[in-house]
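Asker: Residue-level listing of the chains:
There are 2 protein chains.
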Amino acid sequence: MAEIIVAPHAGFCFGVRRAIALAEKVSAEKGGKRIWSMGPLIHNPQEVQRLRGLGIEVMASEEDAKEGDTVIIRSHGIPPQKERELLQKGLRLVDATCPYVKAVHQAVEKLVQEGYFVVLVGERDHPEVIGTLGYLQEAGGTGVVVEKKEDLEKLKNLERVGVVAQTTQSEQFFKEVVGELALWVKELKVINTICNATSERQEDVYELAGKVDVMIIVGGKNSGNTRRLYQISSSLNPRSYHVETAEELKPEWFVGVQRVGITAGASTPDWIIEQVKSKIQELLS
Amino acid sequence: MAEIIVAPHAGFCFGVRRAIALAEKVSAEKGGKRIWSMGPLIHNPQEVQRLRGLGIEVMASEEDAKEGDTVIIRSHGIPPQKERELLQKGLRLVDATCPYVKAVHQAVEKLVQEGYFVVLVGERDHPEVIGTLGYLQEAGGTGVVVEKKEDLEKLKNLERVGVVAQTTQSEQFFKEVVGELALWVKELKVINTICNATSERQEDVYELAGKVDVMIIVGGKNSGNTRRLYQISSSLNPRSYHVETAEELKPEWFVGVQRVGITAGASTPDWIIEQVKSKIQELLS
Numbered sequence: 639m640a641e642i643i644v645a646p647h648a649g650f651c652f653g654v655r656r657a658i659a660l661a662e663k664v665s666a667e668k669g670g671k672r673i674w675s676m677g678p679l680i681h682n683p684q685e686v687q688r689l690r691g692l693g694i695e696v697m698a699s700e701e702d703a704k705e706g707d708t709v710i711i712r713s714h715g716i717p718p719q720k721e722r723e724l725l726q727k728g729l730r731l732v733d734a735t736c737p738y739v740k741a742v743h744q745a746v747e748k749l750v751q752e753g754y755f756v757v758l759v760g761e762r763d764h765p766e767v768i769g770t771l772g773y774l775q776e777a778g779g780t781g782v783v784v785e786k787k788e789d790l791e792k793l794k795n796l797e798r799v800g801v802v803a804q805t806t807q808s809e810q811f812f813k814e815v816v817g818e819l820a821l822w823v824k825e826l827k828v829i830n831t832i833c834n835a836t837s838e839r840q841e842d843v844y845e846l847a848g849k850v851d852v853m854i855i856v857g858g859k860n861s862g863n864t865r866r867l868y869q870i871s872s873s874l875n876p877r878s879y880h881v882e883t884a885e886e887l888k889p890e891w892f893v894g895v896q897r898v899g900i901t902a903g904a905s906t907p908d909w910i911i912e913q914v915k916s917k918i919q920e921l922l923s
Numbered sequence: 639m640a641e642i643i644v645a646p647h648a649g650f651c652f653g654v655r656r657a658i659a660l661a662e663k664v665s666a667e668k669g670g671k672r673i674w675s676m677g678p679l680i681h682n683p684q685e686v687q688r689l690r691g692l693g694i695e696v697m698a699s700e701e702d703a704k705e706g707d708t709v710i711i712r713s714h715g716i717p718p719q720k721e722r723e724l725l726q727k728g729l730r731l732v733d734a735t736c737p738y739v740k741a742v743h744q745a746v747e748k749l750v751q752e753g754y755f756v757v758l759v760g761e762r763d764h765p766e767v768i769g770t771l772g773y774l775q776e777a778g779g780t781g782v783v784v785e786k787k788e789d790l791e792k793l794k795n796l797e798r799v800g801v802v803a804q805t806t807q808s809e810q811f812f813k814e815v816v817g818e819l820a821l822w823v824k825e826l827k828v829i830n831t832i833c834n835a836t837s838e839r840q841e842d843v844y845e846l847a848g849k850v851d852v853m854i855i856v857g858g859k860n861s862g863n864t865r866r867l868y869q870i871s872s873s874l875n876p877r878s879y880h881v882e883t884a885e886e887l888k889p890e891w892f893v894g895v896q897r898v899g900i901t902a903g904a905s906t907p908d909w910i911i912e913q914v915k916s917k918i919q920e921l922l923s
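Protein chains in written order, with the working numbering: chain A, 639 to 923; chain B, 639 to 923.
Keep in mind that a hint or two might mislead.
For chains that are exact copies, the list does not tell them apart, and a pair is met inside one copy or across any two.
Unchecked claim - When the alpha-carbon atoms are kept at most 30 Å apart in a straight line, the in silico BS3-like pairs for lysine-lysine are as follows: (1) Lys849 <-> Lys792; (2) Lys849 <-> Lys888; (3) Lys849 <-> Lys794; (4) Lys813 <-> Lys917; (5) Lys671 <-> Lys727; (6) Lys794 <-> Lys915; (7) Lys727 <-> Lys849; (8) Lys792 <-> Lys671; (9) Lys794 <-> Lys859; (10) Lys704 <-> Lys794; (11) Lys720 <-> Lys704; (12) Lys794 <-> Lys727; (13) Lys704 <-> Lys888; (14) Lys813 <-> Lys915; (15) Lys663 <-> Lys704; (16) Lys787 <-> Lys824; (17) Lys792 <-> Lys704; (18) Lys813 <-> Lys727; (19) Lys813 <-> Lys740; (20) Lys748 <-> Lys888; (21) Lys792 <-> Lys813; (22) Lys794 <-> Lys813; (23) Lys704 <-> Lys740; (24) Lys792 <-> Lys824; (25) Lys786 <-> Lys668; (26) Lys915 <-> Lys727; (27) Lys824 <-> Lys704; (28) Lys849 <-> Lys704.
No wet-lab data here; the hints were simulated from the structure.
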């Protein structure tokens, strides 16, 4: 009897999955009435298209939404000042901010209360970082974004520094920043707010690829994180294949095969993973 | 007019210098009566010999000291439990614990009060570390000494960790430990207790060696930190010389010389530096 094993962290991270579930719930409640999302809920055109079918439109400008409209705040979150502004316009907000991102906001508030100057390790122009900086300002704190090592040079004369990270920061860079700061700051407090979805997804492949006959990686051919999963898998199992959709699966890959592993990049929706899984089931039987 | 520049951080660090000054003061007050030091006040035989001349003997065993005797606690410090024990024996204590070491004790107490598990980056068998662990125990806290990277493996399931360092720790290792911990601990607080005497002494050489005609480094030929100063100096100025005492200075080194720089390793007493300086003055005139 052949077996198909889907990696536990395949596809969407928790926050994106939750945001889409919330959007679907709101769509059902509104009976298909138009709902806005502030920016695309996910970077996958097929999925955005599917959501549009449910009445969820991507807001091009804030002028788009009229009083009484429903607006979904996506997983990245927004600054609290912006949130108030939208509420004052009479919009109804559905907050799909990822709980891990909310944890960064709370960590920043805590550090400000305890009197720390805040260092946010992340990308200055990323919507998540812009949202978090809003919470820093709201709490009455001061701080900076550290995007590259050189940004640290300005911080040499600080006494008490609190550090948090954008949830998708590289662990390696975070480690380097914290290490450097620890040497020249009198008191350093670090709250590690990196979400480990990316590393978990990779660890799944390390765990799974060697134990199956064939390994299928599902995701955009232009998706960096999917390609990385494919590279790891290939290094452990030469019978690794990268596909975007079920149509690309070839029957000859599964001849005489007992165990198939499946994983998927962070922007691959469940329904595409499900289609791949069903097709493999067919090919195996 | 020739000029001699002594590097600002040449020789003893602040704590050792202070301990010896305290010992001399006690010796003067006691009028040459026997005084014990718990361990040699400095790792320099000539200096220990000089102190013996002032009545300061190195204690071989605690049985040596009798009620009413004076005991000098050297710059490394001792556990508070040991301090009480000595006081109960009726000994008079002179505390020459380095203020930077006292700062480690206080940092540990603070971290324990705030509920952190304490990581002390240092050498398990070093007297300073043994002293600090005494303060950790006294404060009712728990913690471990991290001496090498592998020691970190046991710490993977901790939530709140506070980090301090032995005052003479390598900055590089401290940086690595803090970086690693930042990734797997929920909340990390770091109080950098490394004393920068070693790096300051090296920075002096970087600053000075290129600006003088001849650079003299004073210290034991077997002293690691002195040899490192000589290496740095040689890389910047080929006319760098390493001597243990004034007798080793050669007149030909100073022919036609206008500016001479002097620095010294951490275990070189001032009086040896002074003798070297005087001899150079003679050779230059």
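Asker: Now, for every hint given, state plainly whether the structure supports it.
Answerer: Hint check:
Taking identical chains as interchangeable, the C-alpha atoms of lysine 849 and lysine 792 lie at most 30 Å apart only when they sit on different chains, with a minimum of 29 Å there against 49 Å within one chain. For a Cα distance limit of 30 Å, the shortest separation of lysine 849 from lysine 888 inside one copy, 21 Å, qualifies, whereas the shortest one across copies, 73 Å, does not. Proximity of lysine 849 and lysine 794 under a CA criterion of 30 Å is satisfied inter-copy only: 27 Å between copies versus 49 Å inside one chain copy. For a Cα distance limit of 30 Å, the shortest separation of lysine 813 from lysine 917 qualifies neither inside one copy, at 42 Å, nor across copies, at 50 Å.
Taking the shortest alpha-carbon separations for lysine 671 and lysine 727, only the intra-copy value of 19 Å comes in at or below 30 Å, while the best inter-copy value is 86 Å. For the identical chains of this complex, lysine 794 and lysine 915 are neighbours neither inside a copy (53 Å) nor across copies (36 Å), given an alpha-carbon limit of 30 Å. In this homomeric assembly, lysine 727 and lysine 849 never come within 30 Å of each other (Cα to Cα): the closest approach is 55 Å inside a single copy and 68 Å across copies. In the homo-oligomer, the alpha carbons of lysine 792 and lysine 671 never lie at most 30 Å apart, since the shortest distance is 50 Å inside one protomer and 55 Å across protomers.
For a Cα distance limit of 30 Å, the shortest separation of lysine 794 from lysine 859 qualifies neither inside one copy, at 43 Å, nor across copies, at 36 Å. In this homomeric assembly, lysine 704 and lysine 794 never come within 30 Å of each other (Cα to Cα): the closest approach is 48 Å inside a single copy and 51 Å across copies. Taking the closest pair of Cα atoms, lysine 720 and lysine 704 come within 30 Å of each other only inside a single copy of the chain (16 Å); across copies the shortest separation is 75 Å, beyond that limit. Taking CA atoms no more than 30 Å apart as the test, lysine 794 paired with lysine 727 passes in neither setting, with 43 Å inside one copy and 48 Å between copies.
Neither within a single protomer nor between protomers do lysine 704 and lysine 888 lie at most 30 Å apart by alpha-carbon distance, with minima of 49 Å and 90 Å respectively. For the homomeric pair lysine 813 and lysine 915, neither the shortest alpha-carbon distance inside one copy (38 Å) nor that between copies (46 Å) is at most 30 Å. Taking the shortest alpha-carbon separations for lysine 663 and lysine 704, only the intra-copy value of 21 Å comes in at or below 30 Å, while the best inter-copy value is 83 Å. Proximity of lysine 787 and lysine 824 under a CA criterion of 30 Å is satisfied in both settings, with 19 Å inside one chain copy and 23 Å between copies.
When the C-alpha separation of lysine 792 and lysine 704 is checked against a cutoff of 30 Å, the pair qualifies neither within a copy, at 44 Å, nor between copies, at 56 Å. Taking identical chains as interchangeable, the C-alpha atoms of lysine 813 and lysine 727 are never at most 30 Å apart, the minima being 42 Å within one chain and 49 Å between chains. Taking the closest pair of Cα atoms, lysine 813 and lysine 740 come within 30 Å of each other both inside a single copy (22 Å) and across two copies (29 Å). For the identical chains of this complex, lysine 748 and lysine 888 are neighbours neither inside a copy (53 Å) nor across copies (63 Å), given an alpha-carbon limit of 30 Å.
In the homo-oligomer, the alpha carbons of lysine 792 and lysine 813 lie at most 30 Å apart both inside one protomer (18 Å) and across protomers (19 Å), since each shortest distance falls under that limit. In this assembly of identical chains, the alpha carbons of lysine 794 and lysine 813 lie at most 30 Å apart whether taken from the same copy (18 Å) or from different copies (16 Å). Only within a single protomer do lysine 704 and lysine 740 lie at most 30 Å apart by alpha-carbon distance; the minimum there is 27 Å, versus 64 Å between protomers. For the identical chains of this complex, lysine 792 and lysine 824 are neighbours both inside a copy (15 Å) and across copies (27 Å), given an alpha-carbon limit of 30 Å.
For the homomeric pair lysine 786 and lysine 668, neither the shortest alpha-carbon distance inside one copy (44 Å) nor that between copies (60 Å) is at most 30 Å. In this assembly of identical chains, lysine 915 and lysine 727 lie within 30 Å of each other by CA distance neither inside one copy nor across copies; the values are 45 Å within and 79 Å between. Within a single copy, lysine 824 and lysine 704 get their C-alpha atoms no closer than 51 Å, and across copies no closer than 42 Å, so neither meets the 30 Å cut-off. Taking CA atoms no more than 30 Å apart as the test, lysine 849 paired with lysine 704 passes in neither setting, with 54 Å inside one copy and 72 Å between copies.
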